[in-house]
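Here is what each chain is made of, one letter per residue.
Number of protein chains: 2
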Amino acid sequence: MEKIEKVINKIRSENLSSFFFSSYSNVFYLTGFSSTNAFVLLTEKKRYFFTDNRYYLGAKKKLKDWEVFLIEGLNDLKEKLISLGGNRIGFEKDKTTISFYENLITNSDLDKKLIGYDGFLDEIRAIKTEEEINIIKKAVEKTDDIFKYIVNNINSFSTELDVRREIVNQIFLKNGEGESFPAIVASGENSAIPHYQTSDIEIKKDAPLLIDMGMKYKGYCSDFTRTVFIGSVPQKLKDIYEIVKEANIEATNIVKEGITAREVDLKARELIKRYGYGDYFIHSTGHGIGIDIHEFPRISYKSDTVLKEGMIFTIEPGIYIKGLGGVRLENVVLCKKNKAEVLTKTSLDLIEV
Amino acid sequence: MEKIEKVINKIRSENLSSFFFSSYSNVFYLTGFSSTNAFVLLTEKKRYFFTDNRYYLGAKKKLKDWEVFLIEGLNDLKEKLISLGGNRIGFEKDKTTISFYENLITNSDLDKKLIGYDGFLDEIRAIKTEEEINIIKKAVEKTDDIFKYIVNNINSFSTELDVRREIVNQIFLKNGEGESFPAIVASGENSAIPHYQTSDIEIKKDAPLLIDMGMKYKGYCSDFTRTVFIGSVPQKLKDIYEIVKEANIEATNIVKEGITAREVDLKARELIKRYGYGDYFIHSTGHGIGIDIHEFPRISYKSDTVLKEGMIFTIEPGIYIKGLGGVRLENVVLCKKNKAEVLTKTSLDLIEV
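These protein sequences, in sequence, are chains E and U.
Each step along the first sequence adds one to the number in this note's numbering, with nothing skipped, and position 311 is 301.
Each step along the second sequence adds one to the number in this note's numbering, with nothing skipped, and position 52 is 42.
Bear in mind the hints are in silico, worked out from the structure with no lab data behind them.
Please note that a few of the clues may not be correct.
No copy is singled out in the list; a pair is fine if it fits within one copy or between any two copies.
[What the hints assert, rightly or not] Capping the alpha-carbon separation at 30 Å, the derived lysine-lysine pairs in BS3-like fashion look like this:
#	residue 1	residue 2
1	LYS132	LYS164
2	LYS102	LYS195
3	LYS52	LYS335
4	LYS326	LYS138
5	LYS52	LYS128
6	LYS52	LYS127
7	LYS36	LYS326
8	LYS(-4)	LYS52
Computed from a predicted model, the values in this text were never measured in an experiment.
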């Protein structure tokens, strides 16, 4: 359990007696157990898991290395924290509502014991284990296959929503748990809106079609974008496509352990700027993925995070021209010692259908 | 805009200068605008909407009655709250993380102005407007149709996941935005687990099949459960089916304005207890639905909420026998002056296929 070891080391180095985890993704990260109501308390020696009677028996069966407790409400949880947590209990203040915290400290001395942290697990979760890398590779591979299926059958869809419907169908056919976020299928001018909401409008001929999708597989996310050209599109969009492709490749090429997220972002950003489209690349170059679709690190010029071997993130530059359309090309990459391993296998070459 | 009027009255009666909304569902409730990063500030006279540049143009176009501001980060938001919010600014402390709050009050006097509330809109949102009632009716009707389709084609599915895949496919075909929660399709013994996670196991013959599903439609949720019997199932399960059906009908029959959620829950609970299955009904009788799949009020013996005309909630008693199977039957009902209007049109009679 290398993950838990790292977390316990961090608890020790922060001089905490324990850490209390309440967010879905951190609890899943530590236990592999998926529940809408579960909590973890970790001390140097002990692993405690708390859940209600909908999940209790399942948790008891699955979590052999954990002491599993049934809790019937917040008071039970509070008692466990007081009796098991020690005097310096770390907690996730970036995931905890004020009301939840207030309820915990009411009629207890927990306010003197609880110590809030932002992103306590961010850096640990960013470095994927071999098992996690294999799951994400599989999710990315399945997503490549879904895209291939969609492109091969593109003429059978009449609306954007038809495409999304088939994406979801394929995700389930490939034993995914669902979308990692609502798929964006944006035809024509809609492709110029980075967070477009897929609708039942017709897919336009002689226009770009942007597909941004991902699946959840064994609890982990994939993320993928390609922009295909249907029929003949204006030369300007073809030029833009080549610029975005070049930006994606150049940013990917400098990825390795030791460089910063800022350097990767600026590589894509400055290239796009040199071509005169700086004002049309209106988001950051990428983001970590894992249990959450957006994780640490952000691949942004605002981030001085140093990349490390084992980090998995997206590289997804884009150029968006209002009234004309947009191009975004997104791969998932794994940072290695001396280079990026591109997990997405779909070519970056322009696909015309 | 009757919704906004009610909220402004509440702001006034709490003697607040404004209220700051930051949760997805409350912002959607007030504006009809769907965004992952948007905030509302309401004063007696003014309506302010804040979002980032991914949503700004869309919001400006759609929200004619609102002053729409572009915010680039938390500092922009902070400045707006200080300059526009007045001296007593209510906020949703049950939806706000400690970190977000700390960032707001750092280097500002907002800590002296912000006043936290739990469930500020709960009671207002619980009473649905005519427009909301019509949307939910439509969502429930579409869900009935999906269930009919599934039952009529039950022999074409081999695994639980096949059924869920077709449910999702049908949701999109009916212009839904997706599932309102991951559909539960539980075959045989799995039906005894109320929060079962649908898997790729075969659908058993001579066993119950429990289907609990819902869709999102125009931003609102439906929720639906039936347990069908495939082949011949043990007499005990048939007896249980009739008890759960009777509990559903009896609980529904007492719904009207003025009685409490507790009375409705106890009607189902005591009936099940009289038949000797009290220990096997391990959840509450229902919950409000709307923009969220679980809303105020809970239909629980722990709740003394008085039901009012316009509330929409589920009635979903169940009996679960480990190793044998479970039966849950769930309708959506609208509370009226003198009775419940059952929005779900699928019969409660046993379906054997």
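Going through the hints against the structure:
For the identical chains of this complex, LYS132 and LYS164 are neighbours both inside a copy (7 Å) and across copies (27 Å), given an alpha-carbon limit of 30 Å. Taking the shortest Cα distances, LYS102 and LYS195 never come within 30 Å of each other, neither inside one copy (64 Å) nor across copies (57 Å). Neither within a single protomer nor between protomers do LYS52 and LYS335 lie at most 30 Å apart by alpha-carbon distance, with minima of 35 Å and 40 Å respectively. For the homomeric pair LYS326 and LYS138, the shortest alpha-carbon distance inside one copy (27 Å) is at most 30 Å, but the shortest distance between copies (52 Å) is not.
Taking identical chains as interchangeable, the C-alpha atoms of LYS52 and LYS128 lie at most 30 Å apart only when both belong to the same chain, with a minimum of 24 Å there against 41 Å between chains. In this assembly of identical chains, the alpha carbons of LYS52 and LYS127 lie at most 30 Å apart only when taken from the same copy (25 Å versus 41 Å across copies). In this assembly of identical chains, LYS36 and LYS326 lie within 30 Å of each other by CA distance neither inside one copy nor across copies; the values are 33 Å within and 53 Å between. Only within a single protomer do LYS(-4) and LYS52 lie at most 30 Å apart by alpha-carbon distance; the minimum there is 22 Å, versus 48 Å between protomers.
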